[in-house]
Amino acid sequence: MSLVELGLYFALLSLVSVGGLPSVMPEMQRYVVDVKGWLTPSDFIQAFAVGQAAPGPNVLIASLIGWKVAGLPGAFVALGSICFPAAVIAWWVAELWDRFKDSPWRKAIQRAIAPIVVGMILSGGVVLATPGSPDWRLWLIAGLAAAGMLATKLNPLWFLGAGAALGALLL
Amino acid sequence: MGFFWIGARSFGGVMPWAYRTMVEERRWLTHADFTETIGLCQFLPGPNIGNASIVLGKRWFGLAGSIVAFLGLMALPFVWVLGLFMVYSDLSSNATLKAVVTGVGAAGAGLFVGTAVKLGRPLAKKPAALVLIAACFVLVAVARVSLLMVVPIGLGVALFAARRGWL
Numbered sequence: 001m002s003l004v005e006l007g008l009y010f011a012l013l014s015l016v017s018v019g020g021l022p023s024v025m026p027e028m029q030r031y032v033v034d035v036k037g038w039l040t041p042s043d044f045i046q047a048f049a050v051g052q053a054a055p056g057p058n059v060l061i062a063s064l065i066g067w068k069v070a071g072l073p074g075a076f077v078a079l080g081s082i083c084f085p086a087a088v089i090a091w092w093v094a095e096l097w098d099r100f101k102d103s104p105w106r107k108a109i110q111r112a113i114a115p116i117v118v119g120m121i122l123s124g125g126v127v128l129a130t131p132g133s134p135d136w137r138l139w140l141i142a143g144l145a146a147a148g149m150l151a152t153k154l155n156p157l158w159f160l161g162a163g164a165a166l167g168a169l170l171l
Numbered sequence: 172m173g174f175f176w177i178g179a180r181s182f183g184g185v186m187p188w189a190y191r192t193m194v195e196e197r198r199w200l201t202h203a204d205f206t207e208t209i210g211l212c213q214f215l216p217g218p219n220i221g222n223a224s225i226v227l228g229k230r231w232f233g234l235a236g237s238i239v240a241f242l243g244l245m246a247l248p249f250v251w252v253l254g255l256f257m258v259y260s261d262l263s264s265n266a267t268l269k270a271v272v273t274g275v276g277a278a279g280a281g282l283f284v285g286t287a288v289k290l291g292r293p294l295a296k297k298p299a300a301l302v303l304i305a306a307c308f309v310l311v312a313v314a315r316v317s318l319l320m321v322v323p324i325g326l327g328v329a330l331f332a333a334r335r336g337w338l
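Chains as they are written, first to last, in the working numbering: chain A, 1 to 171; chain B, 172 to 338.
Mixed in with the good hints, there may be bad ones.
What the hints assert, rightly or not - List time: in silico DSS-like cross-link candidates among lysine-lysine, alpha-carbon distance up to 27 Å:
#, chain 1, residue 1, chain 2, residue 2
1, A, K107, B, K229
2, A, K101, B, K289
3, A, K36, B, K269
4, A, K153, B, K289
5, A, K107, B, K297
6, B, K296, A, K153
7, B, K297, A, K101
8, A, K107, B, K289
9, A, K107, B, K296
10, B, K229, A, K101
11, A, K101, B, K296
Stated by the list, open to error - With beta-carbon atoms standing in for the labels, derived distance ranges:
#, chain 1, residue 1, chain 2, residue 2, range
12, A, W92, B, T206, 19 to 25 Å
13, B, E195, A, L72, 32 to 38 Å
14, A, G132, B, A203, 43 to 49 Å
15, A, W105, B, L255, 42 to 48 Å
16, B, P323, A, K107, 16 to 22 Å
17, A, L170, B, G233, 48 to 54 Å
18, A, A147, B, A314, 24 to 30 Å
19, B, V316, A, A151, 30 to 36 Å
20, B, A235, A, W105, 30 to 36 Å
21, A, L72, B, G336, 49 to 55 Å
22, A, W136, B, P323, 33 to 39 Å
23, A, G37, B, R230, 41 to 47 Å
Hints listed in this document are in silico derivations from the structure and should not be mistaken for laboratory results.
All figures in this text were calculated on a predicted structure; none of them were measured in a lab.
Glycine is no exception: its CB is placed at the ideal position from the N, C-alpha and C atoms.
The shape of chain B in the complex, shown without the other chains (with noise of 0.2 Å):
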């Protein structure tokens, strides 16, 4: 139950509240504990957490436990974000509020190059990272190679780097 009161009041992202709801009023886990949940889960692919929501339910009443924690995140924002969808739908004639979509849309993409640079922040003494990491944009968002391609690949080379001690 406690995913779907994460899910149903997650806005602006949800880590912040599913750390509130489930270490600071619950204590289903302790702090050391949900980090290490979602520094695994940030590894694995997915959403992160979506993710959290199958270890912890894996952990806590098994696979049930999974599949609820998973229903109970996606039911009510589902069903939001579709609701959301179709009212703009049936307005996305108006300029106006297509060129305020837009607008949110852009800053969102900010956002990702800012989270990119907080992550990367680390790696910038690594020049072996921060070459995979250039590498990876090129490929990606220059030559638009198939992701399909360049993280397989990417991955090898990087775990190659990375035995070698050069990340």
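Here chain A stands alone, though its shape is the one from the complex (with noise of 0.2 Å):
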């Protein structure tokens, strides 16, 4: 039950995911964490940190997050529903595009969609750097990430190895 749940919300989600998968990280939290409690805010943060850390798009954090809940039929399909809408839309949207390229509607909607990702990825990230209670040590390590990566041009795996060292240390 909990697989048929999973995926028609995770494909819904896929329909409001403008500017990608770290838009829609705050809703997964709230609904598979705060709404069916499938996950403990723990558990939510650890199969971030795994699918952040590994190879390949990040969406595939979804797929952790299915298997969590429903095991590998989970994860197959938490992936499949949370990439299909989005993909049926990439595939009729492509030409169309191109068509409207000097339409005043297409700038419209290109500065219209701008703040609303930054206000979502910027919720995204408070909202998994505070799983459960607040807690300082997550947002020093979370502070310290954002200030590097915007001071520096490293490689986000950087931090994410500092992430992993001041873990070890402080939590």
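Hints given; two lone chains; assemble the complex.
Set out below in structure tokens:
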């Protein structure tokens, strides 16, 4: 039963995932942890960590969440349902988009989406760094990673590595 | 096949590898083409690089191309990430390992914040954009309102603002 619910919900999320998976992370957390209680907040941040550290598109985090909820079928269903509706839209829109290259609507849409995406990704970062009750150590690690990313051009893997070291020391 | 290799070696983010493979090594695309395609895929819902595989696969080989490109992109990373997670699940009773992984998660969360700041910088001079960002943040992160509500309403308001020239 949870498999069907998971699939349907992720398919809906797929439709609102403008800006990619980071945008829907806060909503996944809300649904899977707060609403359904399938995962604990700590399970969720760990699945997220493994998905970030592993190679590949970050959308695979969805498959780890599916795995935690319903095993291997959950992994397939979660990944398929988060990708499929969006893929169908991409398939249809690709040509339309070219045709409306000079339309004022196209420019308006581009400008409208930007602040929404920024707001959602920012929320995702804060929600992920606050599993359960606020913890200054997680905020410190997150803050350092954010500052490092903005101040340098290092590969993000360095910051994940630093997070691992700080995690071992502090947590 | 190219997408299979992109997926296979995409440690630390797929986009740089996608660029290197498709533009620099195989010359399937020009730089401008790549930028245009990625630009489009960032505005569509769904994983950016996943959408790019659909769009480019369609352009070159039609429906079959889209399916092959998408599956090629996902196949190996899917196996790897599940494998890694299985190993981790076996060991997760180890407190140190759990701390390490949680630390990685917190750093990953920080990278989200950094990304948001980077994307938000060009918007900083537009008050309407800042209001929208703040409203999104309060609704999603603080009030925990569902995105299924926030995104359609937010996009509607933003589109109205954009047509008025506020964004």
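Distance restraint between K107 (chain A) and K289 (chain B), which requires alpha-carbon spacing of 27 Å or less: At roughly 21 Å apart (the allowed maximum being 27 Å), K289 (chain B) and K107 (chain A) satisfy the hint.
Holds or violated: K36 (chain A) to K269 (chain B), with C-alpha atoms at most 27 Å apart: holds, 23 Å
Pairwise hint evaluation, K101 (chain A) against K297 (chain B), where the allowed Cα distance is 27 Å at most: holds, 24 Å
Satisfaction of hint between K289 (chain B) and K153 (chain A), Cα-Cα up to 27 Å: It holds: about 12 Å lies between the C-alpha atoms, which stays within 27 Å.
Hint check for A314 (chain B) and A147 (chain A) - Cβ pair distance inside 24 to 30 Å: Cβ of A147 (chain A) to Cβ of A314 (chain B): about 27 Å, so the range 24 to 30 Å holds.
Range hint 19 to 25 Å (beta carbons of W92 (chain A) and T206 (chain B)) holds or violated: holds, 22 Å
Verdict for L72 (chain A), G336 (chain B) (Cβ pair) under range 49 to 55 Å: Hint holds: Cβ distance 51 Å, inside 49 to 55 Å.
Outcome for the supplied range 32 to 38 Å, where the beta carbon pair is E195 (chain B) and L72 (chain A): holds, 37 Å
Given hint K101 (chain A) paired with K229 (chain B) - CA-CA distance at most 27 Å: holds, 19 Å
K107 (chain A) paired with K296 (chain B) [C-alpha distance capped at 27 Å]: holds, 18 Å
A235 (chain B) paired with W105 (chain A), Cβ distance criterion 30 to 36 Å: With a Cβ separation near 32 Å, A235 (chain B) and W105 (chain A) satisfy 30 to 36 Å, so the hint holds.
Hinted pair K101 (chain A) and K289 (chain B), Cα distance within 27 Å: Within the cut-off at roughly 26 Å; holds.
The structure fails none of the hints (numbered hints given earlier).
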